[in-house]
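Asks: If you want the building blocks of each chain, they are given just below.
Protein chains: 2
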Amino acid sequence: MSLSTKPYIGSRDFYPDQMKFRNWMFGVQAEVCRRYGYSEYAAPLIEPLDLYRAKSSEEIVSEQLYRFTDRGEREIAIRPELTPTLARMVAARINELPRPLRWFSVGNFMRYERPGRGRLREFFQLNVDLLGPDDFTADAEVLMLAIDLMRAYGASPEHFEVRYSDRRLLEAYLSDYDTEKIRAISRVIDKRAKIKPAEFEEQLATACGDDAGVAKVKKLLALTTESVAELPADELDPEIAGRISKFAEFLREQGYGDGLVFDPGIVRGFDYYTGLIFEMYDRDPENNRALFGGGRYNRLVGMFGKQEIPAVGFGMGDVTLENFIVSHGLAPAELGEARGAYIALMSADLAGPVAKLARELRTVGIDVEVALEATKKFGKQFELAEKKGRRFMLILGETELENGVVRVKDLKSGEQQDVPRQDLAAALGG
Amino acid sequence: MSLSTKPYIGSRDFYPDQMKFRNWMFGVQAEVCRRYGYSEYAAPLIEPLDLYRAKSSEEIVSEQLYRFTDRGEREIAIRPELTPTLARMVAARINELPRPLRWFSVGNFMRYERPGRGRLREFFQLNVDLLGPDDFTADAEVLMLAIDLMRAYGASPEHFEVRYSDRRLLEAYLSDYDTEKIRAISRVIDKRAKIKPAEFEEQLATACGDDAGVAKVKKLLALTTESVAELPADELDPEIAGRISKFAEFLREQGYGDGLVFDPGIVRGFDYYTGLIFEMYDRDPENNRALFGGGRYNRLVGMFGKQEIPAVGFGMGDVTLENFIVSHGLAPAELGEARGAYIALMSADLAGPVAKLARELRTVGIDVEVALEATKKFGKQFELAEKKGRRFMLILGETELENGVVRVKDLKSGEQQDVPRQDLAAALGG
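Each protein sequence line maps, in turn, to chains A and B.
Using the numbering used here, the first residue of the first sequence is number 43, and each one after it goes up by one.
Using the numbering used here, the first residue of the second sequence is number 43, and each one after it goes up by one.
Hint data in this document are derived by calculation from the structure and do not stem from the laboratory.
You may find that some hints are simply not true.
[What the hints assert, rightly or not] Calculated pairs, SDA-like style, for lysine to any residue (alpha carbon to alpha carbon, straight line, at most 25 Å): (1) A:K62 / B:N65; (2) B:K418 / A:N137; (3) A:K62 / B:A380; (4) A:K422 / B:G174; (5) B:K398 / A:D313; (6) B:K398 / B:G378; (7) A:K419 / B:N137; (8) B:K418 / A:P175; (9) B:K398 / A:P199; (10) A:K418 / B:P140; (11) B:K422 / A:G301.
[Unchecked claim] Coverage of chain A stretches by chain B, computed from C-beta distances (three or more under 8 Å per stretch; other residues unrestricted): (12) 81 to 91; (13) 352 to 366; (14) 384 to 398.
[Said to hold, decoys possible] A few chain A residues facing chain B, derived, Cβ under 8 Å: (15) F56; (16) F292; (17) A468.
Yeah, the Cβ is synthetic: ideal placement off N, Cα and C, and Gly gets one too.
Work out the full structure: start from the sequences and follow the hints.
Replies: Structure, rendered in structure tokens:
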């Protein structure tokens, strides 16, 4: 037998210490979402392959899906993202669900990728979506929620910036090209920060195939909120320009203007965006990359053959988020704080009374772990209680039992005292 | 385009109402486990197929696994259970982890089964395990935790009973047979409550193949805690009999004796049990079946070629549990209670002030949802706020803004009043 003890490549074992961190990360997400009135939902791990063929990007379907055939000959895939499923669920109950829908979900996903910094094969993702209104205030709400999430993790504009654009700008400037060409050009635009200017020029020329196209892309990339507002109507629909400026103004008024950057060069990887797109950037020069992003997708629900529902949302992956939190030193110290009690066992005869004491304390809300193997070696018991992250060590020997007390040692302060049984819960903070 | 809006067969869409219930169910589990000093952990969704080949039952591997080959030609499977992974994780850090280990986990699993009552393809399962001591007090702790879970859901011995046995009884009485034969006989024993006595006799005779075997099985099934204690040492190791009686006595002393039934006919489906086995039974005559179960498995960690670690634990699936809770009427009423506030929007101009008000209230911990589409039709807004499960409806119109008040309608009592801005948080219970 030579079974490996390693987890499957690109996935993680969450031992209790890692789990504590993960629970804190996900707890913050749930709390911020609930404050904004978002309701939690969840969805199946598996979807028919057809759902992703219809709705996900080409890259995901052809390269990243964990797809297979089930024992009933169905072509299925492990979810690589949640948005197609969300659209399916909303379409299924389109007439019952009171709109606007404000929904969030945290779940596990899989993509076949080369594991590396910020990228694994199994990851968790928070999805936040607002369905119903097609308005800049809806775009703004979702972005404010995303920024409040970052703030709730203790991050401030020195740590991150929010880059935003409108997918329709790209479409307006590249309207002469077909979808495939637009994708190729978008890929070059997406890479521009990572390659040398000369290389960018060369790749852009290849992707466009003509000088006019190159000129248009450069014009697009040079846009600012001011210049967008001044474009003639035949170059850009004034509705788009107006929406961009109202959106930015609203966020600034609400106190979310710091680190908010208009960036017409943003290209989101997915094909379904139809308006606002945004990316949350890590400002650490060592890790200058998008942490997560999202945008408006007004045509996804309608693909199920029922009515359209405008939608805006984002997905926040746990791997990049954890990197961000750790590299900026934002993990809270209290995650490691000792709590609860550990009861030593001095002889096997006392297992009953010790179990009874544990039950009493649990009833009043104290986490209690009991020793099951009797020993009079206190040193080892203290050490174990500390290793296990317990705040108090309790001793209930024959003498304590006779006297109606429990010996309590505070492992933080080192203080030790005999506490009458009826005062014990209070002494332990229960 | 004819995409289906249905979830994959045997899996579930959790809309917000269902999710509220699920969060409550899982929240109770986490709380009870923490009270017993158990730490949460989590594990990968995917494991190499070899892990299950080595550790899971034949039935799971050959009939129920979602198995496939990844893009790197690895044979993998979606986890059908957690115990093999737990053993792997413990073996990987065997020298670092302070024992005893008290761990719990809640995650999603998949088995290819025929969906039906209490059985789906994607399900969630709580796993609770105690690794280290091989003692009846450890067996008892895990069972007390399981019973406390049932109690935390509001269940009492009128709703459930705990049937327990020791896997070694079966082995002692069937020691003349090989593993395959023992499996066949076990399957017949397992079915005995579901088939007619004559049918049972017939199948048992076939499985055993001889009268002596049939007699032994009948002797096994007739055992009681009293008769076990009186068996001669050449029929049953006195250690086993002693452990059964000490275990039962300890549980009775601790107040866990109600509904505790010794049942030598219990057969757990898995092959790795080595001592105590137990099943939690629903007492509803309409649904007289095992809700969940577990037991001692002392040889699993050692299969990774490192040292053995004795272990005892159980898995509790969410589908049978939900059926149990719902059929006995144990779901708490407060799950449906309205909470938080909904702010109406009387005109688009007021979107800014409304967003500011929402932010103020969120800061003090109140869940606030805002209307994004302006309307003066209060009826519809009230209706929507109620449908969305909000307790309060707030109105901030031009008049209220000028007067520094917010109109508050309590959707439960129907009362309505103007509340000064500075008293608002208190009025909403923030």
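Asks: Need the list of violated hint numbers for this structure, in ascending order.
Replies: 3, 5, 6, 11, 13 and 17
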